[in-house]
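Asker: Taken in order, these protein sequences are the chains called A, B, C and D.
Be aware that the first sequence starts at 56, since it is given in our numbering, and climbs by one per residue.
Be aware that the second sequence starts at 56, since it is given in our numbering, and climbs by one per residue.
Be aware that the third sequence starts at 56, since it is given in our numbering, and climbs by one per residue.
Be aware that the fourth sequence starts at 56, since it is given in our numbering, and climbs by one per residue.
Relax, there's no trap hidden among the hints.
The list makes no distinction among identical chains, and a pair is therefore deemed to hold if it is satisfied within one copy or across any two copies.
Pairs of lysine to aspartate or glutamate, EDC-like flavour, derived with a Cα cap of 20 Å:
| no. | residue 1 | residue 2 |
| --- | --- | --- |
| 1 | K201 | E308 |
| 2 | K282 | D123 |
| 3 | K77 | E105 |
| 4 | K201 | E170 |
| 5 | K77 | E174 |
| 6 | K392 | D261 |
| 7 | K282 | D368 |
| 8 | K282 | D113 |
| 9 | K392 | D259 |
| 10 | K392 | D349 |
| 11 | K392 | D368 |
| 12 | K277 | D113 |
Keep in mind the hints are simulated off the structure, nothing from the lab.
There are 4 protein chains.
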Amino acid sequence: MSTLAFAGELATAPAQTRISMKTAVAGVTGYAGAELARLLLAHPCLQDAEPLFLGRMDAVADATTLYDLHPQLARNTFAGGGRPAPSVVPFTWQTLRDSGTEVLFLATPHEQSREWVPEALANGIRVIDLSGAWRLHDPANAAVYKLEDAEPALASSLQQEAVYGCPELHRDEIATARLVANPGCYATSIILALAPLLQAGLVDLDHGVVCDAKSGVSGGGKAATAKTHFMYAADNLSAYAVFGHRHTGELLEQLGLSADQIQFTPHLLPIPRGILSTIYLRLNEPSTAAQIEDTLRQFYATSPMVRVRRAGDLPQIQHVVRTGFCDIGFELAPDGKRLVLVSCLDNLLKGAASQAVQNLNVMAGWNEEEGLL
Amino acid sequence: MSTLAFAGELATAPAQTRISMKTAVAGVTGYAGAELARLLLAHPCLQDAEPLFLGRMDAVADATTLYDLHPQLARNTFAGGGRPAPSVVPFTWQTLRDSGTEVLFLATPHEQSREWVPEALANGIRVIDLSGAWRLHDPANAAVYKLEDAEPALASSLQQEAVYGCPELHRDEIATARLVANPGCYATSIILALAPLLQAGLVDLDHGVVCDAKSGVSGGGKAATAKTHFMYAADNLSAYAVFGHRHTGELLEQLGLSADQIQFTPHLLPIPRGILSTIYLRLNEPSTAAQIEDTLRQFYATSPMVRVRRAGDLPQIQHVVRTGFCDIGFELAPDGKRLVLVSCLDNLLKGAASQAVQNLNVMAGWNEEEGLL
Amino acid sequence: MSTLAFAGELATAPAQTRISMKTAVAGVTGYAGAELARLLLAHPCLQDAEPLFLGRMDAVADATTLYDLHPQLARNTFAGGGRPAPSVVPFTWQTLRDSGTEVLFLATPHEQSREWVPEALANGIRVIDLSGAWRLHDPANAAVYKLEDAEPALASSLQQEAVYGCPELHRDEIATARLVANPGCYATSIILALAPLLQAGLVDLDHGVVCDAKSGVSGGGKAATAKTHFMYAADNLSAYAVFGHRHTGELLEQLGLSADQIQFTPHLLPIPRGILSTIYLRLNEPSTAAQIEDTLRQFYATSPMVRVRRAGDLPQIQHVVRTGFCDIGFELAPDGKRLVLVSCLDNLLKGAASQAVQNLNVMAGWNEEEGLL
Amino acid sequence: MSTLAFAGELATAPAQTRISMKTAVAGVTGYAGAELARLLLAHPCLQDAEPLFLGRMDAVADATTLYDLHPQLARNTFAGGGRPAPSVVPFTWQTLRDSGTEVLFLATPHEQSREWVPEALANGIRVIDLSGAWRLHDPANAAVYKLEDAEPALASSLQQEAVYGCPELHRDEIATARLVANPGCYATSIILALAPLLQAGLVDLDHGVVCDAKSGVSGGGKAATAKTHFMYAADNLSAYAVFGHRHTGELLEQLGLSADQIQFTPHLLPIPRGILSTIYLRLNEPSTAAQIEDTLRQFYATSPMVRVRRAGDLPQIQHVVRTGFCDIGFELAPDGKRLVLVSCLDNLLKGAASQAVQNLNVMAGWNEEEGLL
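Using the sequences and the hints given, assemble the complete structure.
Answerer: And the structure:
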């Protein structure tokens with residue numbers, strides 16, 4: 056399973072090179088965009104290079120600063136300190152080129168990302184795309200996005216070139232990638248829990264894996280819809296997209312599984328943010344809790360953003376919300392064969408914005424956790 | 056203050072006449088409409104006359120039963136029991152006439168109510184309108200709704216004829232009214248708390264009254280907007296419409312106050328339903344808690360749907376949610392002059408649907424609390 | 056599987072006998088007790104026989120009426136109507152005997168129920184116990200409750216006599232039972248979803264069943280603990296009691312399964328009430344959605360309190376909260392073999408109080424749904 | 056009004072002296088303690104001097120690290136990075152002395168703070184006390200805390216020496232203080248909104264000021280009580296301590312008002328954290344929005360942690376939660392006399408922990424906002 060081959064090898068962190076990079080964020084009006092802006096503005100390596108913030112022309116018409124869009128990010132300009140509010144400007148290629156942008160974050164709908172990536176690369180700009188447009192290598196899996204490309208051959212080639220932006224699995228490829236496809240939030244929580252056990256060959260795949268995942272409402276985006284209405288989500292829980300969620304393809308490709316080996320059901324939680332995935336599987340051979348914990352710890356020995364919990368000490372959503380961590384815990388049945396994994400992360404951070412910054416760090420040769428602790 | 060003159064006089068409830076009436080609900084797709092449907096279907100006096108449920112043509116196209124629209128209302132059709140799911144049909148005047156509707160509930164936007172009421176009355180159908188279209192008698196106050204009438208003279212005449220549907224204040228007029236304007240949710244909570252003290256002449260009006268009101272999100276209606284998005288409302292509190300909320304006119308007219316005598320600020324609470332209004336005033340003369348409690352109790356001696364609390368025993372939103380009650384409590388400062396009133400109700404019930412049914416009961420000569428306990 | 060044998064047989068509802076019964080509720084201070092009080096006070100067959108409400112002596116010392124304990128239940132005593140607030144009195148056997156109680160609801164901790172049931176039966180009082188004390192017939196399963204009995208032989212005999220109070224499975228036995236053990240909330244949601252498919256022999260038991268269940272905080276009871284603290288539960292989700300929840304024994308006994316055939320993990324939801332269980336299984340043979348739906352519908356053809364949803368139309372917690380229903384829906388994978396069931400109920404109602412009243416109805420020979428719609 | 060005299064004078068920030076200090080936090084098990092730990096661990100000036108974390112002996116018995124107590128704060132120890140989990144040790148004076156602590160944060164109950172402060176000062180340790188024990192100079196106001204002192208004369212003298220830790224009002228005194236009494240959360244939100252207008256003499260004090268304040272549940276502390284139970288707080292709103300909240304004395308002393316000039320009613324919001332205070336007053340003379348905004352801006356010209364909003368642009372709780380800011384906005388009535396102020400902050404940060412760190416910064420001569428942005 057070559058997709059899992061990279062994790063254990065980076066025993067030494069790359070030498071830290073504290074030179075700045077010029078970044079840009081398209082789609083700064085949304086939830087992930089706001090988190091990206093927050094993280095990049097506070098990033099130690101970016102203090103001399105304010106990111107360029109880009110929004111849709113209609114959304115930024117009468118809100119010209121980041122603080123107008125997201126008042127929680129505002130800082131004072133006061134005697135002896137403070138910096139002016141960062142501008143948010145309409146997206147144009149000219150603006151991007153003029154700014155000297157080296158890395159562009161796309162926090163945009165997948166159709167938009169699909170359209171923009173070829174042009175960004177043609178302009179010599181590396182891209183970290185937070186949408187689902189470039190995550191899937193198998194066209195059959197990617198079909199769920201109903202993508203239409205102006206230049207299908209180029210798109211198909213880029214699709215293969217794109218690196219799945221899970222640093223815990225693909226650090227080396229990310230370091231040199233032109234196009235990083237930032238993983239889905241549900242997918243990240245499930246892949247990080249399962250990858251170590253699958254790589255170690257412990258999982259009884261004939262029996263299959265059940266992933267019961269639950270996410271806060273921000274996962275549904277900022278658009279006001281019937282399902283993001285407070286009255287729909289509050290005091291409620293609902294399962295959706297059973298047998299058909301878009302992130303399923305990521306699980307199959309990244310974990311090397313077939314559709315009948317893994318089952319994934321998402322649920323909408325009445326909370327703003329956070330994902331908890333409860334994962335049920337059987338081991339090929341009876342094991343001990345110590346062996347399971349050891350397998351997880353070794354896999355993540357060089358990964359600052361995954362926290363492995365002690366056996367029986369399960370993570371909760373509160374432990375990870377507003378952090379860049381994925382927490383993984385487990386309980387093993389007395390028979391030593393039935394295993395329940397619990398994996399938690401913040402869907403807007405390790406499931407989106409902080410994972411994107413983690414990828415930036417890897418691409419820039421900075422410490423992977425820079426600006427995320 | 057003639058608006059307050061009716062409360063104390065109905066020491067004897069009207070004789071109960073258990074004959075059914077044919078009712079109809081327009082706007083059954085919304086939150087208040089769903090509550091109306093629930094209350095009317097369970098109403099003891101309506102067991103032989105299922106209400107006619109009407110919706111917008113687009114909303115009821117592929118949802119032809121009430122249970123499709125509101126699964127929580129569904130009942131089984133099972134061997135030996137159950138009744139078929141009530142149909143929801145598009146609104147047409149022909150349908151209304153054919154059904155023999157005697158009382159029509161309008162749970163519709165105020166523009167719609169404004170347009171439909173003249174025609175309903177012309178068809179001999181009495182109307183209980185839950186919108187703000189007909190609540191205000193003073194055209195200056197009503198201007199906030201920017202109403203446009205096909206026949207201004209008729210509309211103006213109906214505006215004066217319309218009875219403000221607060222049974223605790225206007226029972227006699229409601230009993231014979233053709234058009235009842237069901238009060239606003241905030242207005243109900245504030246008017247019911249203040250009316251007894253104002254009628255008794257206890258309030259220092261030079262000092263003025265401050266009404267700090269807080270409502271759950273259902274008060275904003277079913278439309279998916281930026282402000283009804285879960286991510287906006289959850290874990291948040293915001294004041295809005297300071298000095299400009301539409302319900303202000305109801306306070307002025309029903310309480311006989313001028314704009315600088317009462318100040319009302321609504322807030323959006325991160326809960327589905329419920330209103331709590333905290334009301335600050337000074338008394339003309341030092342008083343005792345017993346006198347205040349007595350004033351409230353006497354005023355509501357014949358009112359089944361107002362619960363007066365003991366001095367110092369303040370109501371909370373939990374006490375009234377999913378009930379048809381308005382709870383009123385208070386604390387008096389040691390100086391005997393500064394008074395804080397707390398008034399709670401469910402904005403979808405006593406602030407909308409159950410108050411409408413209370414009005415139906417009065418109009419039909421049934422017990423005022425019928426179907427509401 | 057004899058436990059599943061009763062459901063299909065009651066094609067005709069028992070003749071309604073509208074004679075009253077004298078009931079009592081012990082533990083009326085808690086959440087389930089409050090719901091029981093609400094349901095019994097409104098029960099059509101009990102309008103002439105107010106239940107006797109009993110509380111712990113310390114809890115009812117200075118709160119002598121039901122309305123003091125639960126202000127949301129209060130009604131006015133007003134001119135021409137209303138009834139006085141029901142008293143809540145300390146539990147004593149003398150009080151029970153003097154009241155002529157025929158059926159006693161125990162909404163008490165399991166230790167208390169274990170102690171009181173023998174004496175109640177000895178006094179000729181039938182019992183509906185809402186605790187876990189008498190639900191499990193196999194002593195190995197019951198050991199989880201660490202029960203200590205004054206008279207072990209009697210207790211053991213009663214343990215076998217006790218009828219598991221799931222009317223959909225055991226109507227006939229409940230009708231004549233002296234001791235009904237009201238089911239656990241999680242157990243009810245899972246048993247009702249699985250029983251029809253297991254009875255029909257459709258489930259691949261070699262593969263096993265995964266039950267991922269989520270409950271609101273009221274399931275944890277009224278005691279203020281670290282885990283019922285708002286700051287622990289709000290904006291959070293946590294799995295707990297993996298491989299060790301007390302309700303597991305009910306699943307094994309009622310569904311006739313062994314411990315490695317069914318896996319049940321509960322989670323704490325940040326909502327007041329409601330349970331949603333997502334259940335994963337494989338069918339022995341490929342099936343169609345119509346066959347699954349038909350199997351469910353036939354099983355519940357005479358059950359008013361279970362609502363079977365159409366294939367693909369999944370229930371949500373909002374659909375069942377504050378109702379006495381259990382809603383069951385499902386999705387079948389395109390392969391016709393992998394099945395996901397979703398089962399929802401209100402843990403305080405179908406998971407506790409309304410199920411208890413449903414049992415009362417069966418015991419009294421009333422319509423099973425009486426007072427619950 | 057000398058209490059308001061200091062704000063405008065610090066046009067130049069004190070020279071930054073980046074030398075570390077040895078700090079300690081007592082009461083790190085609670086909510087404010089956890090926030091203090093988080094802030095201090097990330098504080099740029101404290102990277103070479105890890106704070107000493109102290110807890111109650113029973114609470115830290117089997118949880119010896121900060122990460123055990125607060126898993127959300129955990130960081131990995133990984134190859135090439137990470138630092139070991141900070142220890143939490145039982146509080147003893149010997150431990151404090153041995154550690155060389157210069158500044159001690161007390162996030163402890165007021166009785167504890169009252170007992171410990173004299174000894175800490177005697178040991179030459181400066182104290183920032185987050186409790187209410189030392190905030191009030193007038194013994195009549197302080198009586199609400201029912202304080203009992205071993206050495207009344209010493210305590211009385213320290214009571215007068217203690218500086219009210221609102222840097223926006225008392226920067227100079229804080230800079231040299233031995234004992235800083237960190238303000239109450241409600242009090243901070245109200246004082247910061249009113250101080251500029253009172254200092255400018257704009258407020259009609261004959262008319263009085265109404266402060267309707269609402270706080271999230273964390274304000275009630277970590278103890279599991281009936282009122283911090285999820286079932287009490289969720290989906291609810293309740294007013295409490297009308298005419299009698301402990302923070303009232305802070306308002307009187309810091310704003311120079313008498314009890315009948317200001318009225319303060321707190322409410323419990325169903326959210327984890329955040330305070331919004333809605334403040335109603337009349338101006339002595341008609342004013343313009345620009346004048347009000349200017350008065351606020353000038354007062355806070357040198358204050359990095361107060362954000363003044365534009366006229367009519369009201370802050371919300373979401374804007375300040377998890378920040379160290381107090382946001383102040385307002386609306387002025389068309390008559391130019393009635394003013395509504397809205398003031399928001401995070402009760403655990405600007406209402407507790409970040410305000411304490413702000414005080415540390417002032418005491419140490421660091422930038423006031425260091426570690427808070």
